[in-house]
Structure formats: C-alpha cells, structure tokens
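Engineer: Residues per chain, in single letters:
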Amino acid sequence: MFRKGAAVAVAGVCVAVGVFTLDLVHGDPDSSFAGAGVLGRGALAAAGFALAAAGLAAWLRGGHRFGSLLVAGSLAWFLLEWIVPKNPSSLAFTTGLVLYACCFPLIGHAVLAFPSGRLDSAVERITVAGAYCVAAVVLGLLPTLVFDPAAGCNECPGNLLLVTGRDSIHDRLVRVGVWLGAASAAALAIVVVLRLVRASPTARRSRGLVLVAGAVYLGLVAATYATSIDRGLLWNGDLQRRLWVAQAVAIVGIVVGLVWSWIRARRGSSAVARLVLELAHSPPAGGLRDALAEIVGDPTLELAYPIEDAGRLVDTDGRPVVFAAGKEHTTLVGDGRALAVAAHAPGVLDDDQLVADVAAAARLVLENERLQAAVHARVDDLRASRARILEAGDAERQRLERDLHDGAQQRLVGLALSLRLLRSRLDSGAETPLGRSIAAADGDLHEAIEGLRRLAHGIFPAVLSDGGLSAAVVALAEDAPIPIHVESLPSDRYAPAVETAAYGLVAAAAAAATARVFVRAGRSDGRLVLEIDAGEIGNELEQTELDDRVSAAGGRLEVARPDGRVVIRAEFPCAS
Amino acid sequence: MRVVIADDEALFRDGLTGLLIGAGVEVVAKVGTSAELVRKVELTRPDAAVVDIRMPPTHTDEGLLAVEEIRRVRPQVGALVLSHYLESHWAMRLIEEHPERSGYLLKDRVSDVAVLVDALLRIDEGECVVDPTIVSRLVRKPRERSPLDELSERELEVLALIAEGHSNEGIAKRLFLSTKTVETHVRHILSKLGIGETADYHRRVLAVLAYLRA
Chain A
1 MFRKGAAVAV AGVCVAVGVF TLDLVHGDPD SSFAGAGVLG RGALAAAGFA LAAAGLAAWL
61 RGGHRFGSLL VAGSLAWFLL EWIVPKNPSS LAFTTGLVLY ACCFPLIGHA VLAFPSGRLD
121 SAVERITVAG AYCVAAVVLG LLPTLVFDPA AGCNECPGNL LLVTGRDSIH DRLVRVGVWL
181 GAASAAALAI VVVLRLVRAS PTARRSRGLV LVAGAVYLGL VAATYATSID RGLLWNGDLQ
241 RRLWVAQAVA IVGIVVGLVW SWIRARRGSS AVARLVLELA HSPPAGGLRD ALAEIVGDPT
301 LELAYPIEDA GRLVDTDGRP VVFAAGKEHT TLVGDGRALA VAAHAPGVLD DDQLVADVAA
361 AARLVLENER LQAAVHARVD DLRASRARIL EAGDAERQRL ERDLHDGAQQ RLVGLALSLR
421 LLRSRLDSGA ETPLGRSIAA ADGDLHEAIE GLRRLAHGIF PAVLSDGGLS AAVVALAEDA
481 PIPIHVESLP SDRYAPAVET AAYGLVAAAA AAATARVFVR AGRSDGRLVL EIDAGEIGNE
541 LEQTELDDRV SAAGGRLEVA RPDGRVVIRA EFPCAS
Chain B
1001 MRVVIADDEA LFRDGLTGLL IGAGVEVVAK VGTSAELVRK VELTRPDAAV VDIRMPPTHT
1061 DEGLLAVEEI RRVRPQVGAL VLSHYLESHW AMRLIEEHPE RSGYLLKDRV SDVAVLVDAL
1121 LRIDEGECVV DPTIVSRLVR KPRERSPLDE LSERELEVLA LIAEGHSNEG IAKRLFLSTK
1181 TVETHVRHIL SKLGIGETAD YHRRVLAVLA YLRA
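Residue numbers (my numbering), protein chains in the order written: chain A, 1 to 576; chain B, 1001 to 1214.
Hints may contain errors.
Simulated crosslink set (SDA-like; lysine to any residue; CA at most 20 Å straight-line) [claimed, not checked]: (1) B:K1030 - A:L421; (2) A:K327 - A:D290; (3) B:K1030 - A:L415; (4) B:K1141 - A:L415; (5) B:K1030 - B:R1071; (6) A:K327 - A:A293; (7) A:K86 - A:L22; (8) B:K1141 - B:E1157; (9) B:K1141 - A:D357; (10) B:K1141 - A:P346; (11) B:K1141 - A:S470; (12) A:K327 - A:V341; (13) B:K1141 - A:D290; (14) B:K1030 - A:D406; (15) B:K1141 - A:A293; (16) B:K1141 - A:P481; (17) B:K1141 - A:T330; (18) B:K1141 - A:L404; (19) B:K1141 - A:G414; (20) A:K86 - A:E155; (21) B:K1141 - A:T514; (22) B:K1030 - A:I482; (23) B:K1173 - B:R1137; (24) B:K1192 - B:D1149; (25) A:K327 - A:P346; (26) B:K1173 - B:E1183; (27) B:K1141 - A:A512; (28) A:K327 - A:D352.
No wet-lab data here; the hints were simulated from the structure.
Predicted model, so just to flag it, every value in this text is computed and none were measured.
Let's have the full structure, built from the sequences with the hints guiding it.
Structural biologist: See the structure below:
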C-alpha cells in the first residue's frame, strides 16, 4: 500500500519535473539541447518519461535500488535543461548547475547493476564512483561554488551556492571536467561492453539489449563531451544536439531492453508455473528432466540425485551417473539440502531466480525422485552384495568339490589299487578267509568311492564349469530319474552366475517333475531366454531360492502354472 | 608294450605301476604333472600314455590338454585317460577330437587289471575305448518312446559294445557269436535307430554315442 502511494508520488514529481523542463525549453530554446524543434522536445520527453516509467515499474516489481537509479537518471536527464539563462527559479537553476551532468553515471550504474541493483566487480564499482565524482563534483559542485552569474550572464537567475566569483577557476574546472566527463563516460561504456562480452549465452539473450543500448548511450555521452573539449564546456552546437538526440534514442533502447527482459522472465516463470501444474497432476518418471530441459532450452540437460552417505550421484533408477565433460553443474537446493544436480550447457541456468523457482516448484517431485533414486541405489547395492555372496558360495563349493576329488577320492582309489595288488600277491589264496575279507574290503571301498563321487557332484557339477550350460544339462539328462528333452540349447558360454542359475532351474525342475521336462533356450535381444516345461510336479519348487539365484545373476524369473503344469521362464543378460 | 603313467597321486601311481608290471606291461616312466608327461613322452617314445584327467595346477582337465599336446607332436602315441567323471561330456571331448588310439576309463575300473590291459591293447590296435559304465548310463538313461525300445536285449548288448568302441570282431569274441551274426545285428540296430551305415569304424562309434547322448 505504502509502496504504491510512494510510487504515485514519485510519478507525480517526475511528471511535474518533465513538464517544467519542457516549459523551460520552450522559454529558452537556443540555450537548451532540445531546441525549438518537435524532434528535440519529443526526444527530451520520450527519454525522460520512459526512464521514469521504467524506474517506477522496476520499483513495483521489487527492484527498489534499481528503480531508484532509473528515476534519478530520469530527473538528471531533465536537469540538463535547467541551466538555461531564462530559468525563472534560482533554486532550479542552482540545482541544474550542480546536477546537470549526473545522468550518464546514473544510467551507466543502472545498466551495470541490472537486474539485481548491485555491481559485480571492483572495476565496475571504481568506474561508476569515478563517473559520479566527475559529474557531481568536478562538473557540478566545484564550478558552481565559484560561478557568479552576475559576472557574465546578465539574464541568469542567482546562484544560491555561490561562495566567491572566480571566473578563471570556474573555466579551468569546467575545462578539466569536460575532459574527465568524456573519459569517464568512455570508461563506463567499455566496462558495459566487457560485461556484455563476458555474459553467458542466456544472460546475453535476456539482458543483451539493455547492455548494448547502455554502451551506445555512454559512447554517445563520451562523444558529446569529447566534441565539446574545444569549447571548454559542455556545448550545445548542432553536432552535440544531434548526439544528444541519439542519446535519447539509446535511452529509449535501454528501456525497451528492460521491458523485453521482464517479459522473458515472466515467460520463464509461467513455464515454471506450468511445471508445477504438470507435476501436481502426474509426475512421470524422467518427466522432471524433460520439463526442465524444455524450460531452460537445453535438450541435453541431465539430472542426478545425490545419495547422502557415499556422495554418489545416481539417476532415478539408482544407477551411478557420470556427467558428460564440458557441462556446467547447478545444484537445486530445497530446505537447505541439495535435492538434485543438473548438468547442462554452460550458462543456461545462470538465472539464480529461475533456479530457485524451479527448485521450489519441483521440490516435492525432486524429493520424491531423489528418494526413489536412493531406494533403487540401495536395492542395487543389495543385489550386488547378494550376487557376491552367491558367487563366493559357488566358488567355495567348487573348491570343495575339487578337494573331495583330488584328496579323499584319489586316496581311496589308490588304496583300492594297493588292495588289488595285495590280492594278486595272495595269488591262488583268494579263497582263503584273508582273501575273502580283502575282497569284501575292496567292495566297500568301491562303494565309498561311488558315494564320494555322488557327494562331490552334488556339491558342484564340474561339467558346468568345464562345458557350460548345455553340457551340464546333457549330463543331467544322463542321471535324472525322468526324461529331460532338450529341444534347443545353445552351446555358448555365459557368465558363471548365469550358468549356475540356469542349471539350477533345470535341475530343480527335473527334481520336481513327475513325468518329463522340456528345456528350450535361445538368445533374443542379447538375452538368454530359458523355458522349462516341467509338466505336473510332485514336489514344490523352492521358488525363493531360485528367484534369488536368477536375480543375483541379473535375470528375471517367471513361474506360470497353466492347467496344472509348471512352466518356468527365465531371462538372463548375456555379454555380446 | 611300453607306457608312461601320469597321475599327481603317488599312491595311485605306484599301485598302477605295480599292477601293470605284474601284467607284463613295461612302465618306462611315471610322472606327477602334465608338463613332465609331455617331456617324458618325447624322451621315451612309449606306445601309450596313461593319464589322469585332473592334475595340477587347476585340477580340471589338464589330462585332456596334455593328450592334445602329445598328439600334436606324436599322433601315434596312444592315450588312455583315467577319470572320476561319470558324465559322457569328457569322454566325448576326448573321442571327438582323437577318435583313434584313445580311451576313457573310470579310475576305479583300473583295479581290474584285465580291463586295463585289454583297453591298452585295443588302443594299441587303433581302436577307441569308452568306459562301459558311462555307456550303460547312456543306454539306460530315461527316455520317452524311442527306437531303442524296439531293440532286443541282445541288440542292446551289441549297441553298448559298439558305443564302448569294440569292432565287430571284438564284439563277436565277447558274445561268443560269429562275426557274420554280429554284422547282421549291427545292420539291424543301425537301421532301426536311423543311423546311416558307415564302413568307418570310428565314425560309427561317434554316431552311436551322439545318438545315445541326445
């Protein structure tokens, strides 16, 4: 409420100052820059009122500091015309004397401070401060203190700040001031151009017009001063008047640029608003990335979510993310925590406000996706650790099987040979009690060897590691209590975990089936697809264990039971 | 007959050596690794090598690899592989690659020295030898309706002997039949099973084994 009231008051002051200035120009066209023509007066009014209006608009948008700079610039623009001799008011005349040169530092300051209202670097601050000093002190205050209108300008009103009339000091000060004015306006122009060159593409798109028009304006001011150096004061000859009209055009350009950037920002925030609406309806997986990519206009944008403990970045599926090189990273923060990290083309997320808006709008979804990613990552970790456990178990079983074969069994066979040797030395004594007990021991020994062989095979089928899945299934068919029909089975080799899991499925089906088992396997789309039709089963399958093995091998298991039959279908990933 | 014995288990090596010497076979060397085996074969040029399938370092199929290496240089040296594995997979690996002068016996069978010596003699004559236990597992493995059902007991017996690598004469001697009768049986069996008749003995063994494994 207060702000609106103040704005109305400021608007009133600006209009009053503008109208007063036009009246001054009307009364003394020759001494003014605007002159008697419509073009000059139009330029005076257009630039001054446009600046005031833009300043008020910025003010109402919340940019107080920036808005004030523009309004002050507008007033300073008009003040240039207040030092006409026919100015009826001493107060206005004196004000003009002190402040007439202040328009260019104010506008330069505003252009550099857009949109935040603050200056970025020390160089910018020093240049702007220097310009203020030149305009307000060297060109304004100091000459005013020693300027006595009565001495050379009979028509002029009084100088309220006159201390003592010293024409020579006044002229020297002004001469230096014009030099410095040209220099500091040129310096400001250069700083603005540097800002433009260093800006990111996005910043250039939204603020480029303001910076370009600002640089042109400052350059024109520098030219106006530079062409006045010969005269020793800011001259209003034909050339300078034309330059001044061009200044007015550049100022209007700055204002147009401001309006353009505000419209762009509004479009951005309406895209964010749309994002909020879309997300409120139904957030599709990966939809946030697409929406963000559209808003910032970077189709290559990637989103990743930080997982607290490990400092890892993962995608929504929990897979580790490595961003492509040459991308800029922006962290979306909500509630003081990093919700997500976006990798994007340099510059597209330079607008801190846009980033904050997006983070705020998408906070819930980001949080949701981050948690989802964290859960997926945890599940992946678990799966990997389960696979490691199973792998370690398989390796251990394989080792056990070897130990049994190469330790106990070998020795037993050696023992059997020794016994046989002993028996042959007994020669014809095979029918003696000793010979009979040796023969009995020999029989026991062979049973033990056979038992050991079965045990070892049960612990781990060596044929699986030697010949792979198809060899192991063929071997299984030699020993199974029921027929195993292998309709198709590629003899390719797969990862040990895949072979063990697939073999385990066939073995489990063969153990459970009552009549026969059909096995069919093949490759499709880089996956091993295994189908087992076990028919009717006698014993229930240990489905959890099978499931564990299959998923530890990265596969997927389906067990269907159409009309009393059990049909197992499993898919495994296989490397090329 | 001169043989080299390769087995990493000393007790077995020595026992086997004793048995073979008792049976009149000359053991020219006994070694514990496949590298040593290859070297000794080069040095002693035996008629055959008796090789344990599992030897250091990995204890998986070193014996088969050693046979491979020996055969590359000395194709005329016979190879008898001894194994604990009942599955036909390893026997097929050996026979498919070296159908001539090679054999695959289960380890506990060798305590019957007659079987062992018979196998060595057959290998020396160029036949191949497959352990009867392995063959009978194949013959008896569960099947649904199959042409095997239509074979008589005697024909099944002949079929198993074919798969074990016996020639018609060998089968005739074993079953106390005339060679002519055996030839008739063989013709019947092969045509019932739909295996094209082949004069090549080794091809016949492989075809029958492949049929039984399928």
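Engineer: Would you mind marking each hint as holding or not holding in the structure?
Structural biologist: Hint check results:
no. : hint              : verdict
1   : B:K1030 - A:L421  : 18 Å, holds
2   : A:K327 - A:D290   : 17 Å, holds
3   : B:K1030 - A:L415  : 18 Å, holds
4   : B:K1141 - A:L415  : 31 Å, violated
5   : B:K1030 - B:R1071 : 19 Å, holds
6   : A:K327 - A:A293   : 14 Å, holds
7   : A:K86 - A:L22     : 13 Å, holds
8   : B:K1141 - B:E1157 : 15 Å, holds
9   : B:K1141 - A:D357  : 73 Å, violated
10  : B:K1141 - A:P346  : 70 Å, violated
11  : B:K1141 - A:S470  : 17 Å, holds
12  : A:K327 - A:V341   : 12 Å, holds
13  : B:K1141 - A:D290  : 60 Å, violated
14  : B:K1030 - A:D406  : 18 Å, holds
15  : B:K1141 - A:A293  : 64 Å, violated
16  : B:K1141 - A:P481  : 8 Å, holds
17  : B:K1141 - A:T330  : 67 Å, violated
18  : B:K1141 - A:L404  : 26 Å, violated
19  : B:K1141 - A:G414  : 30 Å, violated
20  : A:K86 - A:E155    : 6 Å, holds
21  : B:K1141 - A:T514  : 16 Å, holds
22  : B:K1030 - A:I482  : 43 Å, violated
23  : B:K1173 - B:R1137 : 23 Å, violated
24  : B:K1192 - B:D1149 : 10 Å, holds
25  : A:K327 - A:P346   : 6 Å, holds
26  : B:K1173 - B:E1183 : 13 Å, holds
27  : B:K1141 - A:A512  : 18 Å, holds
28  : A:K327 - A:D352   : 17 Å, holds
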